[in-house]
Amino acid sequence: MRLQVVIALAGVSALATSAAADRRAASWVSVYADDDGLTVVSPQLAVRADVGDEVEVDVGYDVDVISAASVDVVSAASPRGYEEERHGLAVGALWRPRPGEVLQLRYMPSWEPDYRSHGVAVGASREWIDRRLTTSLDATVAFDRVGRSGDDPERWRDLRTVAGRASAGWVFDRRTVGQVAYELQWLDGFQASPYRFVSIAWPDAGDVVSVPEAVPDVRARHAVAVGVRRALTRQWFASGTYRAYADSWSVASHTGDVEVQRAFRGDWLVVGASARAYWQSAADFHRDAYTAATGIVPAYRVVDKMLAPSRSVLVGARVDGRLGHVARLGSVRLTGKLELYDQRFDEFSRLAGRRAIIGSVGLAAEYP
Amino acid sequence: MRRIVAALAVCASFAACSEVKPWQRETLSHRCMTEERRAEEARARQHMLGARETTAGATGQTGGGCGCK
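As you go down the protein sequences, you meet chains A and B in turn.
Note that the numbering used here has the first sequence beginning at 464, numbered continuously upward.
Note that the numbering used here has the second sequence beginning at 31, numbered continuously upward.
Hint data in this document are derived by calculation from the structure and do not stem from the laboratory.
Among these hints, one or two may not hold up.
[Unchecked claim] A partial selection of chain A residues facing chain B, derived with a Cβ cut-off under 7 Å:
id	residue
1	Trp491
2	Ala509
3	Ala512
4	Gly515
5	Val583
6	Ala644
7	Glu646
8	Gln648
9	Phe700
10	Arg706
11	Tyr708
12	Ser711
13	Gln724
14	Asp730
15	Leu770
Just so you know, these numbers come straight off a predicted model, no measurement behind them.
For every residue, glycine included, the Cβ atom is placed at its ideal position computed from N, Cα and C.
The shape of chain B in the complex, shown without the other chains:
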């Protein structure tokens, strides 16, 4: 019962969000609101951290294998 209530609450929170029309997306298209144009920067950062920390994943970066230690 708790899980059902929690799921309904999550759905309700999404439904309660403001409707966003296509002509209202100017702010969302600003370069500070997207990571797309920083792909090289994000890849370099994740590569550096991946060679120094043993945990990985869920970052959106797909990279080749590396013997970096």
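Next comes chain A alone, as it looks inside the complex:
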């Protein structure tokens, strides 16, 4: 809790002491707790400021404080569970060379005891047809190192990710906007868990062997999403999105997301409710139990519930209110959110499902 308070105060302080310019500071804290023994506290801080008329810079920092004693953890390397922290940083710059055109650059390192990542993202967007059409192209490259906590990092293994995204947004009328997006991700490298071992039964020999988890080095992922947002009246707003996904491991998924919001006194107070449904098929090499002829070990084998067939529902309610002007901070808003998450796994006998509650609080200050 002290960490979250420090981060929030640091963000507010940074906003108040920076040079006069358009600027925004926001902090967000989420607490996730599920019935599988996992608790994650995730504070987040982001600060953005204009530098001149054409350039904007932003810095973000986030932490995951993880306490786990889940089925995966207990069955793998840590019978008593574990606690660890993950830290992420994002530094970005945005340039508006001409009205309606934006170029962006972002660097995103993250680190934890058994994972290091360096990511770079570039993006360009442009408005057309009297600002009714907005097109965007984004590309991301990440270089990750994956290993076991406590091992020599020189022995860790590489994972490279290249992603490209194209999107288009359209203003249909005075109250309706829509968007379509496509993203391709190419992953090459170590993508299994260095902690998990898979049991292979040799029924002919009456034996069971335990071998490290193994998955293909290459994974190509495709995702297409369409969304629409509409002002139903001056106070009621609704949005919906649908995403289809497929990859080279034969995993396919469908995701539907809807949200309804009611605004009071302009946008002084906004109350909203959301619901999300998700369905996923299994990777083609996933088995609940592996059986082979004596001496044979399948080339690909996993004990990963995320590669099993699954479905989930996420429902939530949020309240977002303007606190008004506070000292030199300009407009300050406070947001509270509560979500319930229910996930069911098929063909994964170790865990039938999990239920989680996620509570979040956000504080944002904007100074024109």
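Since the structure of chain A is provided, determine the placement of chain B on it from the hints.
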């Protein structure tokens, strides 16, 4: 031929949409009509879901790598 007709139908649907003048964009600028001011909330949500579901992409969120499982 079917593809050409479908493409023309899509273009016609866009053209048939109401013209929106700059002074008519008040509703479009309402905070409930944009995700820009909810970036931290969207990032937190996508990070949580990304650690629990193997599929990803097309969400507009660019994030760093994570060993989250």
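Evaluated hints:
| no. | hint | in the structure |
| --- | --- | --- |
| 1 | Trp491 | holds, 4 Å |
| 2 | Ala509 | holds, 6 Å |
| 3 | Ala512 | violated, 15 Å |
| 4 | Gly515 | violated, 20 Å |
| 5 | Val583 | violated, 10 Å |
| 6 | Ala644 | holds, 5 Å |
| 7 | Glu646 | holds, 4 Å |
| 8 | Gln648 | holds, 6 Å |
| 9 | Phe700 | holds, 4 Å |
| 10 | Arg706 | holds, 6 Å |
| 11 | Tyr708 | holds, 4 Å |
| 12 | Ser711 | violated, 13 Å |
| 13 | Gln724 | holds, 5 Å |
| 14 | Asp730 | holds, 5 Å |
| 15 | Leu770 | holds, 6 Å |
Taken one by one, the earlier hints fail for this structure at numbers 3, 4, 5, 12, listed in ascending order.
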